[in-house]
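Colleague: Residue numbers (our numbering), protein chains in the order written: chain F, 91 to 225; chain C, 9 to 317.
Hints in this document: simulated from the structure, not taken from any laboratory. Worth double-checking, as some hints may not be accurate.
[Said to hold, decoys possible] Only part of the chain F face toward chain C is listed, based on derived beta-carbon distances under 7 Å:
1. V125
2. V142
3. Q143
4. D145
5. P204
[What the hints assert, rightly or not] Here are the computed lysine-lysine pairs in the DSSO-like style, where the Cα-Cα straight-line distance is at most 27 Å:
6. F/K94 with F/K112
7. C/K50 with C/K255
8. F/K223 with C/K285
9. F/K200 with F/K94
10. F/K223 with C/K265
11. F/K94 with C/K285
12. C/K265 with C/K50
13. F/K223 with F/K196
14. F/K200 with F/K112
Beta carbons are placed, not taken as given, at the ideal position from N, Cα and C, and that holds for glycine.
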Amino acid sequence: MDRKIRVLVAKPGLDGHDRGAKVVASALRDAGMEVIYTGLHQTPEGIVEAAVQEDVDVVGLSVLSGAHMTLFPRIVELLREAGVEGMLIIGGGIIPADDHEFLREKGVEKVFTPGAPTSEIVDYIRSWFEKRKTV
Amino acid sequence: MDLIKRFRKGDRLALARAITLVENGMQEGRDLLDAVHPQTGKARRIGITGPPGAGKSTLVDGLIQSYRKAGQSVGVVAVDPTSPFTGGALLGDRIRMQSRWADRRVFVRSMATRGSWGGLAAAAADVIELLDAFGKDVVIAETVGVGQSEFDVVDAVHTTIVVIVPESGDSIQVMKAGLMEIADIFVVNKADREGAGDMETGLGAMLDMRDREEDWRPPVLQTVATSGEGMPTLIDALAQHREYLAKESRIEEWERKAVRARIVSLVHEELRAGFWKQGRQARLEQLVGEVLARERTPGDAAQALFSPA
Ligand SMILES: Nc1nc2c(ncn2[C@@H]2O[C@H](COP(=O)(O)OP(=O)(O)OP(=O)(O)O)[C@@H](O)[C@H]2O)c(=O)[nH]1
Ligand SMILES: [Mg+2]
């Protein structure tokens, strides 16, 4: 049976716009992935619990409110505390280029800016998945 | 090995991984299922199905809250369709099941129907087994009632709730969809909308006319899942159906039926998987060409697949 890539698309924080997250979610679905979407206003704890229960390969976080510098690292930390290993964490939304390096250090392996075509995200996840499979 | 130990200790990461292994048809998953089989059979199993958007997940959230208030742990498996075109799926049932996200005694898993050759029956029943073995007091399975998946899950649960809405058309359409036969409880949700009363009356009349082998006449209830209205009545109906099953060795009959269905679906799985190995996939492509060239009929081609190439 072929192994499906499972992705949690989550929106932490208070901003009320999930259009971008939904576009990404459906692009990943169209690329043959199983996408779990949890809706707006998720707490870091709620996102981590969902990632654990769904045993996803990838967590995609989207934030437009500017709170990514606190929310993203917090989620990574909670995932580690929960004992999760080998999950890819990526981010998107309105995130200044200056913040990318910091986020990467904190464990958000890739940050996509709003202009990025969804195919770029699909390709990134696929190649990460292929690499992980072989190790 | 390690996974089984962690599973037995109640580690939810182990449960989550076990479900993945089973879902992917891995041998490790089968081994784990076998190992925990003696621990199954304790959970109260409830199925909930109905047309897309009827409010199933919102109702499940209500059930989770009610059972948690009664001190029971809850496991949920929510099945959504896989796109036959891309193989992908958008699983959105969690959106409506958030009220207990911080509660460690609630475990929700989303699942896609995957393969077009059925197989959901086996996979979903396996996940129900795992949640049961893990020690969940109540296990709820949500499926969308548009095709096969709702029928697949029926055998694995004690009680099937069929959810419809006032807009679901008339009771004849509900009957045509085959939902009449699988419902132990009917819920007319979105009762805050017009037509709920008519729907309830129509369904009730239809149910009364039907010849039944069983003494159980499925109740028809109205709910507003978003406000919780009608929830206590639904919980009552579930308790009554449970009591009904407990009498006159009905539960033993149910168990026999459930186990038989499970064995049969596993056999079908095995046959299907085995059949398409052995180079038959390639042979199929070849045969498709021959049928297109009008050298064979489709029936012919199917027979040819059974005989050694
Ligand atoms: N007015 C009204 N809306 C409701 C009620 N119950 C659910 N809804 C809304 O109906 C929509 C669908 O609810 P869900 O619980 O996701 O329905 P579902 O049957 O699980 O949907 P699928 O899993 O996608 O088939 C949501 O917007 C709910 O808020 C109700 O009793 N009244
Ligand atoms: Mg749902």
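Colleague: With reference to the structure, classify each hint as holding or not holding.
Modeller: Hint-by-hint comparison with the structure:
no., hint, result
1, V125, "holds, 5 Å"
2, V142, "holds, 6 Å"
3, Q143, "holds, 6 Å"
4, D145, "holds, 4 Å"
5, P204, "violated, 21 Å"
6, F/K94 with F/K112, "holds, 20 Å"
7, C/K50 with C/K255, "holds, 17 Å"
8, F/K223 with C/K285, "holds, 23 Å"
9, F/K200 with F/K94, "holds, 21 Å"
10, F/K223 with C/K265, "violated, 40 Å"
11, F/K94 with C/K285, "holds, 20 Å"
12, C/K265 with C/K50, "holds, 16 Å"
13, F/K223 with F/K196, "holds, 24 Å"
14, F/K200 with F/K112, "holds, 19 Å"
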